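6 protein chains.
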Amino acid sequence: MKDFFLTDAVKHRGRNIRSHFLVAQKQLRERNDGNGKYLSLTLTDRTGRLDGRVWDNAEILAGKFEQGDFVDVRACVDEFNGKLQLRVMDIVRLELDQIELGDFQRKSARDLDLLWKQLRDTVTSFTDADLRRLVFAFLDDPEIARRYKTAPAAKFMHHAWIGGLLEHVIDLLQFCELAAGHFPLIHRDLLLTGAILHDVGKIYELSWERGFEYTLEGQLIGHISIATRLLEEKTKSLPGFPKHIHTLVEHIILSHHGSLEFGSPKLPMIPEAVLLHYLDDAEAKMLAMREACQPEGLPAPVYIDKVRALERPLVNTRTYMAQAAAKGE
Amino acid sequence: MKDFFLTDAVKHRGRNIRSHFLVAQKQLRERNDGNGKYLSLTLTDRTGRLDGRVWDNAEILAGKFEQGDFVDVRACVDEFNGKLQLRVMDIVRLELDQIELGDFQRKSARDLDLLWKQLRDTVTSFTDADLRRLVFAFLDDPEIARRYKTAPAAKFMHHAWIGGLLEHVIDLLQFCELAAGHFPLIHRDLLLTGAILHDVGKIYELSWERGFEYTLEGQLIGHISIATRLLEEKTKSLPGFPKHIHTLVEHIILSHHGSLEFGSPKLPMIPEAVLLHYLDDAEAKMLAMREACQPEGLPAPVYIDKVRALERPLVNTRTYMAQAAAKGE
Amino acid sequence: MKDFFLTDAVKHRGRNIRSHFLVAQKQLRERNDGNGKYLSLTLTDRTGRLDGRVWDNAEILAGKFEQGDFVDVRACVDEFNGKLQLRVMDIVRLELDQIELGDFQRKSARDLDLLWKQLRDTVTSFTDADLRRLVFAFLDDPEIARRYKTAPAAKFMHHAWIGGLLEHVIDLLQFCELAAGHFPLIHRDLLLTGAILHDVGKIYELSWERGFEYTLEGQLIGHISIATRLLEEKTKSLPGFPKHIHTLVEHIILSHHGSLEFGSPKLPMIPEAVLLHYLDDAEAKMLAMREACQPEGLPAPVYIDKVRALERPLVNTRTYMAQAAAKGE
Amino acid sequence: MKDFFLTDAVKHRGRNIRSHFLVAQKQLRERNDGNGKYLSLTLTDRTGRLDGRVWDNAEILAGKFEQGDFVDVRACVDEFNGKLQLRVMDIVRLELDQIELGDFQRKSARDLDLLWKQLRDTVTSFTDADLRRLVFAFLDDPEIARRYKTAPAAKFMHHAWIGGLLEHVIDLLQFCELAAGHFPLIHRDLLLTGAILHDVGKIYELSWERGFEYTLEGQLIGHISIATRLLEEKTKSLPGFPKHIHTLVEHIILSHHGSLEFGSPKLPMIPEAVLLHYLDDAEAKMLAMREACQPEGLPAPVYIDKVRALERPLVNTRTYMAQAAAKGE
Amino acid sequence: MKDFFLTDAVKHRGRNIRSHFLVAQKQLRERNDGNGKYLSLTLTDRTGRLDGRVWDNAEILAGKFEQGDFVDVRACVDEFNGKLQLRVMDIVRLELDQIELGDFQRKSARDLDLLWKQLRDTVTSFTDADLRRLVFAFLDDPEIARRYKTAPAAKFMHHAWIGGLLEHVIDLLQFCELAAGHFPLIHRDLLLTGAILHDVGKIYELSWERGFEYTLEGQLIGHISIATRLLEEKTKSLPGFPKHIHTLVEHIILSHHGSLEFGSPKLPMIPEAVLLHYLDDAEAKMLAMREACQPEGLPAPVYIDKVRALERPLVNTRTYMAQAAAKGE
Amino acid sequence: MKDFFLTDAVKHRGRNIRSHFLVAQKQLRERNDGNGKYLSLTLTDRTGRLDGRVWDNAEILAGKFEQGDFVDVRACVDEFNGKLQLRVMDIVRLELDQIELGDFQRKSARDLDLLWKQLRDTVTSFTDADLRRLVFAFLDDPEIARRYKTAPAAKFMHHAWIGGLLEHVIDLLQFCELAAGHFPLIHRDLLLTGAILHDVGKIYELSWERGFEYTLEGQLIGHISIATRLLEEKTKSLPGFPKHIHTLVEHIILSHHGSLEFGSPKLPMIPEAVLLHYLDDAEAKMLAMREACQPEGLPAPVYIDKVRALERPLVNTRTYMAQAAAKGE
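Protein chains in written order, with this note's numbering: chain A, 1 to 329; chain B, 1 to 329; chain C, 1 to 329; chain D, 1 to 329; chain E, 1 to 329; chain F, 1 to 329.
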C-alpha cells in the first residue's frame, strides 16, 4: 500500500510528496503568459481526487501517459486561491503490475474465496436438479466466476466495493434460507436461485478495473436485461433444459426491483419473486443502516442526519438507549 | 353449527328452509296494493346475504326484533325477477346464547389459547426488563387480553377472521426471531415488542361482535393512534418507566406502515422500525398468496386473475411447474 | 362465413338457430329439481358471447367436447329473466378444418401477403449490411414469419385483430421513413429496424389461435423481454455480428414504451429510441382516433364520450365543422 | 443588546471587534506547520454564522468552554481566500444570566403576555363546558403555559421566532371566529379548541433554549402524536370527561395537515377538521406572503423570485399597481 | 308543478299515470314478432329517468316529437323482468310555455333577484373605480346577467341547481369580505372582483335549458378560458382600461383552481389569488358537507359513507355529539 | 462585433481591455476604509457575466448610467481571492444605435427573412379560406410580425436564441406537412394553423431587447393564455368569422402542452391537437439532442452526461458506432 493518500493532502500543505495516482482527466492548455502550454490534470486514489498542474516540460510529459493511466508522481502540495493543488514536478506511467489495485479501490473485508466456496456449497445442496445445473452453468463459466468474485454491488449505494456483490449475495442467501423455512409456500431452490442470479448482470453493467463506473452497455441495457441475456445463453447450453423453469427464473430476475418505476418491467407475480424483492430490499437497507450506525473507525453516532440509501435521517437505537440510560431518562 | 347457509340458497329454490340469520337491514314499507305494509329485510350469515320479505302480519312481526338482532327464520326460497329472495313466514328474535357465533363469522382454524400461550412465552423470554414489563402490562390487562385473543386483523384484506390478529402476530414473531438472529444490528426484544404492539389498536378500531366493522372511533382516530394512546396509558401505570423506551416503541408503532401515504405519520427511522415494516408487509402478502394459491376446499389454480392485497394477477409456482412437467415443456 | 352471429341473437328471440361457436366455458351442474345434471356453457364468436344451457342428456353431451373446442350447435334463443340464453338441443365438436377462423376473430381488412412483401422490400433497401442481415434473420425464420403475419398488436387496445401487428408496423415504417428524412440526426436503418422489431415479442406474448389471450409466458416475461431474447438468439446465429449494433437495437426495444412506469426498464437514450417512442405512440393513438371518428358501418359522430386508448372524450373535427357550418355558426 | 452582529462583519473587515456568540461547532486540529494545535470554531448569533480560528494557546482555551456555550469573544475580522473569518484573540465562557437571549434568537414583535391573555379570554367565552375545561387543563399547566408562550411555530418556515406559535394561534383564532360566524354548520367552540391545540405538540417537538432545533423525540414522534399524548394526559385528569369529545378533538389534531402525504394519519372527516385545515393553511401562507411583500426594513419589492413556503415566485399586488400606475400602463 | 314524478314510479306499479317528461333518448326499432316497429324512449324529469315503450302506432307517434322535446305522456307503469317501464299509450309534444321548467331542474331555494341585488350592491361599494366599472361591464351586459342569474355552478358536484352559481358567489363574497378585513395585505376590491368573475365562464361552459350538460365549447375550452375571453371583450369595451388591472384579474381567474393538475394553467402568484383559492375551495367543500349533514327532508345522519366532493366518509359532529351524550359516553 | 467577450477574460488576466457590456446590476456601496463609496457592478455580454468595481469617482460615474443600460467600459482584468473581476477605470453610457445587439444575444444562424417568407407561403397554400385569413390576420399585424421574426422560443430550453421561435415553427411546419400526408384523418390546414399559432403568445411572454427574460405579464398569464387573447382580438377583427373555427384553434392552443401538469388547462381532444402535441414535443426534443450530439465548434461526444431538456444522459449513435467499429467490437 502506498503511504500518501489524497485525503491527507491538507496535512502536507507546502511539502513535497511522491505517490501513485490514477489520471482521471488530462488536458494540455495555453498558458496565459504566452510561454507555451501547461498540463491540467485530475489525479485520484481510493480516498479522493485533486487537481494537478505541470508547468515545465508540459508538452513532453503529456506524450508519456494517457487519461486512465496509473502514474507515479512527484509533486509539491500548493494552495492556490484557497484550494489545494499538486504542482507536479515529475510524472511516470506505471504498468498494472507496478501498482496495488487496493490503493485505488475500496475492497471487501471478508475472504472472497471462502464466500465463493459457500456460494457453491449452497448450490450443491439444491434438490432440484435443473436449478442446480443452471446455477452451476453460471458459476463454472470462468469469466463469470472471475467477475462475480470481485464485482461491486453498486457504484454508490450499498456494497460499493470490490467483492460487494458476492458479499451481498451470501448474506441474502442466508436470509432466504431462513425465510424459506418460515414460509412453506416457497420453493426453496427457486428462491435461492433468484438470490444468486438476480444481480448477476452487474458484472457487465459496471466496470471496476480502475474506478467504479457504468459501462456504456450498462447504461443502455441495464443489469436486469444483461442478466436475462446471460440466462438465455446458459439455458441454451443445457440440453433439454425445461422452458418453464427458464421462464420462472427469468421472471424473478425481471421483477426483483419490485415496481415498474424502479426499473422492473414486470411486477413480481409468483411467491418466490414477491418474497425475494422484500428480502433483497431489506438486506440492502439493513446494510446501509449498519454502515451508518457503526461507521468504521469512528464512534457510533446517536443521530445520523441523512442516510442516502434510505432518504431520511436515522437514530441509532443502541447509542440512543445507552445515552438516555446514562442520563437516567 | 346451523345446517342451512345462504351460499346454498340456489340449491333450495322453491323449497322451505329454517335457519338463524343476522338482520343487517330492516324497513317497514307501504304495499303497492294498498293493503297495509310489508317488511323488507336483508339477512346475513358468514357465507353471504339475501333479501327477505314479510308479507303477512308485517307490522306485528316488525315490533319483535331490531336491525342488528340475530333471528330464527322460517321461509320459502323464492325467485323474483331472476333474483332469489326469502319469503319469510315466521321470524323470532334470538339471544346471544341461542346462536353459535361461528355461524356468522369466519374463525381461525388454529387453537387461540395455544397461540396466546406462545405469545406470553415469547415475552417471558425477553432479557430487557422494561420491555418485558411493558408488554405484560398489555397482556395482563383483562379487557385487552380478551379482545386481542379474538380480534380479526382486518375488515377485508388479510387475516379477516376471528383470531386473525393473534395469528398474524404469532407468525410475524417467528419471522422476527429469525431476522433478529440474522441482523446483529437489531435489538431483538425491541423488534419483538414492535411485532406484538404495532397492531394492538385494531382491538378498538374494529368491532366483530356481529359482522366485521370499523368503529366510529376507528374511523376518526385509526389503529395507529389508538395504539399510542394505549401505550401512554400503560407506561403511565409502570413506575419509573424510562421515557426513551416509550419513545422508541411509540416510534415503531407510528411508522410501521412504512410511508406517509399509507397512514404512518413518521417514516421508520430506527433499524428495528425499518425491519419490522418489511417483515410485517412480507408476512401479510405471503398469507394473501398462500390463500390464493391454496384455496380452502378447492383445487390449487395455476393462474389467479387478481389478488386484491397485491393488486396484480398471480401464478402459482408449484401447480405451474407440475402442469408444465406433465406436458413435458 | 357462418350466417348467424351472436350480435344478432336479439332478432331471433323465440326462434331456432344453428351455427358454429367456440366454447369459452363449460360446467356440469346439479339441477335444482333433483333430476340429475345440466350443462352450463358460454359460447362465443367474433361478435360476442352468450350463455347456453343443455337440459337433456347433459352428461352424455358433456363427454363429447371440451372447453376451448369449436362446436356446431342447434338451439332456441330463449329469454330468461330478461336475458337472452341459448337453450341447446344438440352440440357437436368440430375439427379446425371444419370451421372458418374468420368467424371467430376480427381480421385485418388489408392484404397481409402484400404487407409482408412491403416489409421485406423495406429491409432490402437498408444500406447498413449488419442491420439488414439482422432483420432478415427474423423475417426468414419460418416460425417467426408465420406468427408475425397474423399476430394481433394487442389484446384490447389498438390493432386488436388478426394481422394487426403487421399492419401497425407497416404504417409505422412509413411514418418513420418520413421522419428520418426530416431529421438528419437520425440513422434511418436503425430507426426502421426499431420499428420492425420493437413489438416482435408480441408473437409469443399473445395467443390468437382461438380468442386473443396473454400466454402465461407473456404474463410473466412480457413482450419487451421476449423480444430481447429473440434478438440474442438471432445475433448469436450471425457470424461476427457487431456487439455495439446488438446493444443499440436492444436499447431501442427495451426503451420503446418511453418511461419506466409504462414498463420500459430503460429510458430512451439515443436519438432513434427517443424518436421511435414518439412515432409509435402517435401512430397508435391516431389509429384509436380514426376508429372512434370513423366507426365501421356507423355514421361518424361529433362527440365521442370516452376513447379508451386516450382516456378522454373526443370531438370529431370533420363532423363538428360540417354540423357547425350547416347551422351557420 | 450587543452592538456587533455577524451580519455586519463585512463592514469591519480588518478591524478588531468584541461581542457575544454561541459556539455552534468546536474542533481542536493539528497545525500544518507542526507547531501543535489550533481551534476551529463556528460562531453564531441571531443574524448568521462565521468561522473562527484560535491560533495561540489553542489547547488551553479549548478547555474553557464547550460546543453549545455562549462566549464573549475578542477577535479580528480577517479575510482568508476570499472568505471572512474571525481570528480569535480571547474567548471566555458566559453564564446564561450574562447574555441577552434576544441577541441569539429572533423574537415576536408583539406583547406575548397580552396575546396570552387574549387566548385565555377566548377560552372563557366557550359555551361548551367540557371543551372549556379541557383547554384550560392545558393552559393552566405551568410547564405547558411557559413553553406555549415562547415556542416558535416552526424551525424554518412560518413564524420561526420566539412567540411564533402563540402569535400564529391568536391570528388563527380570529380567522376561525369569523369563519364560524359564516358557516352555521360549524361548532364554534370545537373549531376554536382545534385552533388552540392543533400545534401544541410543537412545544416538545422543538427546542429553542439556544438555536431552534428538533428534539430527538420531535424527530421520532412528531408534534401531532405529541399533542395527542398530551390530550390523553389532560382528559385523564378531568373527571368524567366525555370520550366522544376526546375523540373529536383528537381527530382534529390528527388530521390538521389535511392529507396523508403531509403527515396526517387521517383525513379530516368532520366539518370542523376540514375547515380548520383550510384556515390554518391559509393563515400560514398569508403570513409568508406578508413577510415577502413587506420585508422588515427593506423597500417592498414588485417581484419576489421564490417564496419558500409557497414554492413559487410572487408578485406584490400593491407595488405592482403603484409602479404600473406611475408608468401610466 | 306536475303531480307525478319518476322517483315515485314504484308506488304506481300497475297503474296508469299522466305527466310531463323530457325525451332524453328516442329510437325506432324493429319488433321481434315481425309486426313492424316500436318506439324505445328514455323519459326524464328532475327526479330521475325511466325507459318507455310505444308498441302501437309507433311510427306515427315517432313523427310527432324529437329527442330533447318536452312531452305530455299517458302511460301504464309496467314491470318487465324486474325493472319498471312506462308502456306509453299517448304522447304529445309540448311548447316551452306549456311546461314548468322547475319540474325538470332542481332550483335554488333562495330569492335570485335579491341575491342579484346584493351582488350589484357589493360592486357599488368598491372604492377602486376601474374594478367597479369592469365588474359592472359584466353585470350590465343583458345576456351575461340573464345567464349569470340562473346558471348552475356545476353539472354534478356543488351547487348543481338553477341559480347555484349566483348562490355560490354571494356566499363566497361574504367570506371574502370577512377575510379581507382579517388580512391587511389583501386588496379587498380585487379579491371581491375575483370572487365575482372567477367562475363566470360557466355561463357558457354549461347549458341548463333542459338538463345540465357541458356545451361542446365548454368541453373544448373550459370555463377558465371562456372567462378570460369575456374579460378581454369587456376590457376592450372600456376606454383607457389599465392593462395591469386586466393582467391581475386575468391571473386570478386563471389560477383559481390552485394547481396545474386541477386545470389552472398558472399557480396563484399574488396574495389575492392565493387567498381566493382557499376561500373558494373551503366554501364549496363546506356546502358539500352541509348537504351531507343536513339532507333536505331526511333525518341528519351520524355517519356518511362517502361524500363525493371530498372523496372520503364524513362524521356529522352535531348528531354524533347528541347520540354520544344520549348514551352517556 | 466587439472583439473582447467575457468568456475570454481568463486569457487577459492582468491586462487592460475595452469593450461594450450590458449593466445587469449596479449598486453604490460604502467603502470599508471609510473613504466614501464604490460602485459594485455586474456586466454581461452574450457569452457570460462578470463582477466589476469602480473605486475612483464612483459617485460621479454612478450618475451617468442605469442598470439595464449598455455601456462602453475600460478596465483591467484583476484576480481577487481567486475570482476574476473587472477593475473599471472608465464607463460611458451607449445608445442602442451604438451597439450591436448581436454582441449581447445568441442569434439564429438561418436567414430569418427567408424563413418568414416560407411561413407566409405555407399559409397562402391553405385551401380553407377562414383559416387562411385568420393566420394572415396575425402575420399582417406589423407588431406581431416584428416580434414573431425575432422572438426566442424559450428562455433556456430549446431554441433559446433570437429567431428561435420562427425557426422552431418552420421546422415543425415541415414535420406537420409530412404527418398530415400520412394521416388522412387530419385536417391539414387546421394542423398547420396550430403549428403557427400554438406558441405565438411567447412574443409577449418573453422580452429579448437585452437579455432573455420573462415579462411580468408572462409570469402571471403565460404564453398559452396570451395566445388565446390574441386569437380573440384577431377573430373579432374578421367579419363573420365562424365561431366553431375559433373554438377549434383555441382548443389546439390551450391543449398543446399535452397534459394538465405541464400547464395545458385542457387535454387534446381533437385529432389535430393530439397530433400537434406529439410533433411539437418530438421536434423540440430532437433539437435538444442535435445540439447535444453535434455541439457547435466542438468534437461530437459519444456519451453526454445529462441533457437538460430530456432529463437523462444520452449516447450519440453515430460516434458510438464509429468508435466501436474502430475498436472492432
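These are calculated hints, taken from the structure and not from any lab test.
Take the hints with a grain of salt, since some may be wrong.
Straight-line distance between alpha carbons at most 30 Å, and here's what the computed DSSO-like set of lysine-lysine pairs gives [unchecked claim]:
1. Lys37/F with Lys83/D
2. Lys285/E with Lys83/C
3. Lys26/B with Lys26/E
4. Lys285/E with Lys306/C
5. Lys306/A with Lys285/D
6. Lys83/E with Lys11/B
As the structure is a prediction and not an experimental result, all values here were calculated from the model.
To see whether the hints hold, each was checked on the structure:
1. Lys37/F with Lys83/D: holds (21 Å)
2. Lys285/E with Lys83/C: violated (43 Å)
3. Lys26/B with Lys26/E: violated (39 Å)
4. Lys285/E with Lys306/C: holds (28 Å)
5. Lys306/A with Lys285/D: Status holds; Cα separation ~28 Å.
6. Lys83/E with Lys11/B: holds (25 Å)
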